[in-house]
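Residue numbers (the numbering used here), protein chains in the order written: chain A, 1 to 784; chain B, 1 to 136.
Everything labelled a hint here was simulated from the structure, so no lab data went into it. Warning: the hint list may mix true and false statements.
[Claimed, not checked] One-sided and incomplete, this derived list gives chain B residues near chain A with beta-carbon spacing under 10 Å: (1) A7; (2) S115; (3) Y116.
Keep in mind it's a predicted model, so treat the numbers as computed, not measured. The beta carbon of each residue, even a glycine, is placed where N, CA and C say it ideally should be.
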Amino acid sequence: METVLNDVPWSAGPYSIKRHGVQIANCDSEPVQTPGCIQSHGVLVAFRLEDLEIQQVSENVGGLLGVEAGDLMGKPLTAVLGESGAHRLKAFLASEPIERNPLYCQTQAIGTAQAAFHLIVHSNDGVGLLELEPSAPDAAEPDYYSLVKKSIVRLQGAASVQDFCQVACDEVRQLTGLDRVMAYFFHEDGSGEVIAEARREDLHSWLGLHYPAHDIPQPAREIFKRIWIRPLPDAAGALSEMIPLANPHTGRGLDMTYCGLRGASVMYTEYLRNMGVGASLTLSMRRAGKLWGLIAGHHVTATPFPWQVRAACELLAQTVSLQLAYVEEREHERYRARMQTAHLTALARVARNGELSRLTQPSPTLLDGIQCGGAAVYQQDEWSTVGDVPGSSELRELDAWLRPLLSSSAADSQSLYATDRLSEVHAAAAGYAEVASGLLAVSMSKTARQLIVWFRPAVAQTVSWAGNPSEAPTVPGPHGPRLTPRASFALWQESVAARSLPWTTAEREAALYLRTLVMDLVVSRAEELGALNSELASSNEELDAFAYVASHDLKEPLRGIHRHAALLKKDIQAGRALDTQALERLEAVTRLTVRMDGLLDALLHFSRVGRLELQPQMEDLNAVLVESIEMLGTQPTDARCAIRIPRPLPRVLGDRVRIREIFTNLISNGIKYNDKAERWVEVGYIEPHETTTLLLASDTPAVRNQTIYYVRDNGIGIAVKHRAQVFGIFKRLHTRDAFGGGSGAGLTIARRLVERHGGLLWLTSALGQGSTFFFTLAASESGG
Amino acid sequence: MNPGTPAAVLVVEDSDEDFATTADAAARLQVPYPLVRVLTADDGCAALMTGQRFRLVILDNSLPGDQGDLFLSALRSHPMHCRVPVVAFTASGRQPDRDVLHAAGVNAFHVKSVSYEDNLWTLEMILNYWLRAVAD
Chain A
1 METVLNDVPW SAGPYSIKRH GVQIANCDSE PVQTPGCIQS HGVLVAFRLE
51 DLEIQQVSEN VGGLLGVEAG DLMGKPLTAV LGESGAHRLK AFLASEPIER
101 NPLYCQTQAI GTAQAAFHLI VHSNDGVGLL ELEPSAPDAA EPDYYSLVKK
151 SIVRLQGAAS VQDFCQVACD EVRQLTGLDR VMAYFFHEDG SGEVIAEARR
201 EDLHSWLGLH YPAHDIPQPA REIFKRIWIR PLPDAAGALS EMIPLANPHT
251 GRGLDMTYCG LRGASVMYTE YLRNMGVGAS LTLSMRRAGK LWGLIAGHHV
301 TATPFPWQVR AACELLAQTV SLQLAYVEER EHERYRARMQ TAHLTALARV
351 ARNGELSRLT QPSPTLLDGI QCGGAAVYQQ DEWSTVGDVP GSSELRELDA
401 WLRPLLSSSA ADSQSLYATD RLSEVHAAAA GYAEVASGLL AVSMSKTARQ
451 LIVWFRPAVA QTVSWAGNPS EAPTVPGPHG PRLTPRASFA LWQESVAARS
501 LPWTTAEREA ALYLRTLVMD LVVSRAEELG ALNSELASSN EELDAFAYVA
551 SHDLKEPLRG IHRHAALLKK DIQAGRALDT QALERLEAVT RLTVRMDGLL
601 DALLHFSRVG RLELQPQMED LNAVLVESIE MLGTQPTDAR CAIRIPRPLP
651 RVLGDRVRIR EIFTNLISNG IKYNDKAERW VEVGYIEPHE TTTLLLASDT
701 PAVRNQTIYY VRDNGIGIAV KHRAQVFGIF KRLHTRDAFG GGSGAGLTIA
751 RRLVERHGGL LWLTSALGQG STFFFTLAAS ESGG
Chain B
1 MNPGTPAAVL VVEDSDEDFA TTADAAARLQ VPYPLVRVLT ADDGCAALMT
51 GQRFRLVILD NSLPGDQGDL FLSALRSHPM HCRVPVVAFT ASGRQPDRDV
101 LHAAGVNAFH VKSVSYEDNL WTLEMILNYW LRAVAD
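Given only the sequences and the hints, what does the whole structure look like? Please build it.
Below is the structure:
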């Protein structure tokens with residue numbers, strides 16, 4: 001700031017609006033806190049706090065109070081207020097928190113005319129500042145307390161930031177009676193936008209007006225971070241300079257930051273005059289120490305702002321600022337929720353088939369999430385788009401440019417790219433700035449093979465302020481037509497050509513979160529597909545085995561039937577009488593159909609076993625075993641075969657009917673494939689950690705902490721090379737008629753049933769001595 | 001080994017009906033060799049050790065216990081029988097089954113039909129070709 005000051009006309013001494021003024025070029029350097037002048041409708045007196053000695057006084061003191069400035073210099077304040085007035089003021093100064101906080105002190109008759117003045121006083125860095133404002137002729141004062149209270153209630157009910165600002169405008173207009181009250185919002189780039197407005201019916205709307213950042217110069221913004229209210233009751237009013245210009249106490253221009261009477265920059269008053277505005281009242285809206293926006297009130301004619309109105313407005317401004325954070329946070333939260341809901345809903349569709357293109361149709365699409373004009377998804381060398389997006393060749397070109405920016409790392413920060421001025425970083429985008437000035441892209445994989453891109457149009461494209469051209473001043477001020485809303489808007493449009501609304505933190509986070517979800521989905525889908533594939537492969541193998549069975553085992557009896565029928569037919573054609581041989585052929589056909597029926601039954605049963613839903617319950621295995629032995633028609637004491645049960649079986653969680661079938665299959669095998677004189681089958685179990693000689697380590701699969709059930713026999717045994725084959729459907733180790741025959745499906749079905757319980761079925765055997773079939777009825781514990 | 005013993009046709013077939021069809025074909029052609037039937041690969045291997053010479057083997061691959069290819073491998077590694085033609089006459093024409101038999105050295109591969117007449121015709125062709133057209 002110092003270096004700047006050296007270049008301006010007032011670098012030699014204290015500044016005065018009246019003497020120096022400013023130009024558009026240097027208004028950003030204007031010392032608005034020390035303007036050297038006040039608005040002439042009141043009087044400002046600067047005094048020494050310790051002894052109330054007058055140090056400075058505005059030059060209009062003579063006109064308003066009838067006392068010349070020169071006569072007051074170095075005198076105590078009693079010279080203006082009288083003994084009692086000065087005494088009350090002194091007491092007020094001692095008791096009230098007046099540092100940088102102007103407070104109404106009293107109203108008293110002052111000067112030769114004994115006119116009534118409101119006294120408003122504050123201190124600033126050791127200097128006392130007393131503002132004297134003429135009291136308006138007595139009028140019925142509204143109940144400001146009730147008005148403000150009502151306003152606060154309405155503010156609390158606002159649903160959105162927009163709504164909230166509208167309420168604020170309405171309430172300020174209600175309190176002040178101003179012709180127009182607007183809420184300006186400052187964007188991140190410092191530019192402003194009118195987001196709410198309350199106005200006299202016959203005035204043109206300024207809603208949607210944008211203006212460049214420098215329309216409200218930095219010094220003015222700084223002041224609005226400190227004060228709540230800025231009154232200018234007469235924009236065309238005269239200015240009164242302080243006498244002397246420099247404060248004798250500080251040696252510098254008087255700091256009028258907190259003065260209601262502070263003189264306004266000529267830039268501002270000219271702007272107001274050009275707009276046909278006679279008075280203005282500005283309130284600040286702050287959030288977290290930052291200037292969030294302004295509430296600006298305009299009146300076509302000059303109008304006083306009595307201290308009561310100002311106090312009420314100030315209270316309202318403070319309330320607005322306090323509530324703003326909450327309202328804005330709530331709105332952001334709603335937006336975040338909206339983005340997330342849209343993303344999750346669209347993703348649920350993607351999850352069904354893994355195609356990211358489902359993010360673009362049907363509704364809700366990416367358009368319903370992050371605010372954008374269009375979005376495009378790139379997957380498997382194809383773009384799918386929704387909304388307004390660049391053309392397909394432009395997308396391809398954009399993709400080639402984006403890829404290196406995104407593919408360098410899997411880290412979140414590098415998998416996102418965002419810009420609100422695409423054509424500045426990528427010249428080729430200038431051609432489609434109207435649809436894609438803003439770009440937000442996330443890559444879904446390290447190789448950036450999958451992309452999601454959001455596009456935003458140029459913001460100027462989306463905003464058209466209807467501001468009435470006829471509002472241009474017929475006689476513009478000395479700075480020409482520049483200082484008008486129309487020119488501001490044009491300048492702003494120029495400054496944001498080919499720029500979009502910026503991407504907010506919440507939007508970037510939403511994009512990255514979507515990326516995480518998609519990547520999780522892609523990974524889990526890949527796993528799912530892998531699992532499905534292997535399931536499919538195994539079920540294909542089963543189907544294959546099925547077809548094999550159908551082609552061989554089922555056709556075998558058919559061939560026999562065909563043979564007998566063909567021969568019988570030949571006999572009849574040859575005129576042979578139906579003899580014993582013919583009868584034998586018919587009996588053979590009957591026998592073969594029965595066998596075929598048995599095979600088909602077994603096949604259907606096997607197929608059903610693979611699909612059926614188990615109905616697991618806690619079952620007493622002893623009861624289940626008794627049932628299965630009854631079904632076999634063999635009592636434990638049966639002379640043909642002894643069923644041994646060394647100890648009662650435990651209870652188990654399983655499907656009673658299916659476990660019975662497992663037992664039936666295994667026990668019947670034990671009885672059937674037995675050539676011993678004294679046949680026996682033993683049914684037992686082994687608890688986890690029990691030691692037994694039955695289990696041979698080499699034959700035992702990985703079973704941990706599980707009860708193992710077994711069915712053991714002293715039968716013919718199974719050769720090592722056949723131990724896997726015995727579980728194949730219709731696979732028999734012996735010729736059809738040996739050991740009572742059988743379809744060869746029993747062990748296949750038993751194993752399937754065990755597997756349906758999550759368990760395993762395996763065997764050990766010694767040829768000629770017997771076999772033991774082991775099984776478990778639950779999945780092995782993980783880590784086992 | 002007894003060179004004086006007349007050669008036979010070995011039929012490895014577990015199905016009674018299918019063997020009967022083979023016997024029908026042999027009877028119709030008046031094949032001058034006796035049929036020796038075994039029901040399993042194991043029994044087939046045993047037959048190789050009896051000293052009996054074989055002029056032809058008709059092999060069903062789908063057998064109880066071991067499959068036909070096991071018997072075929074044993075035959076091909078047997079000094080006395082290694083050159084005997086072996087013709088597969090089996091239910092499954094699946095490629096993996098064919099491949100296994102070809103790898104084991106089968107001379108020809110035929111798939112069984114449901115039709116008795118077709119099977120009879122196939123078997124007659126086999127017997128006619130391998131016993132009459134092909135030199136011993």
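Restraint check, 10 Å cut-off on beta carbons, for A7(B) near chain A: 26 Å, violated
S115(B) as chain A interface residue, shortest Cβ-Cβ below 10 Å: 6 Å, holds
Restraint check, 10 Å cut-off on beta carbons, for Y116(B) near chain A: At about 4 Å, which falls below the 10 Å cut-off, the nearest Cβ of chain A leaves the hint on Y116(B) intact, so it holds.
Checked against the numbered hints above, the structure breaks only hint 1 and satisfies the rest.
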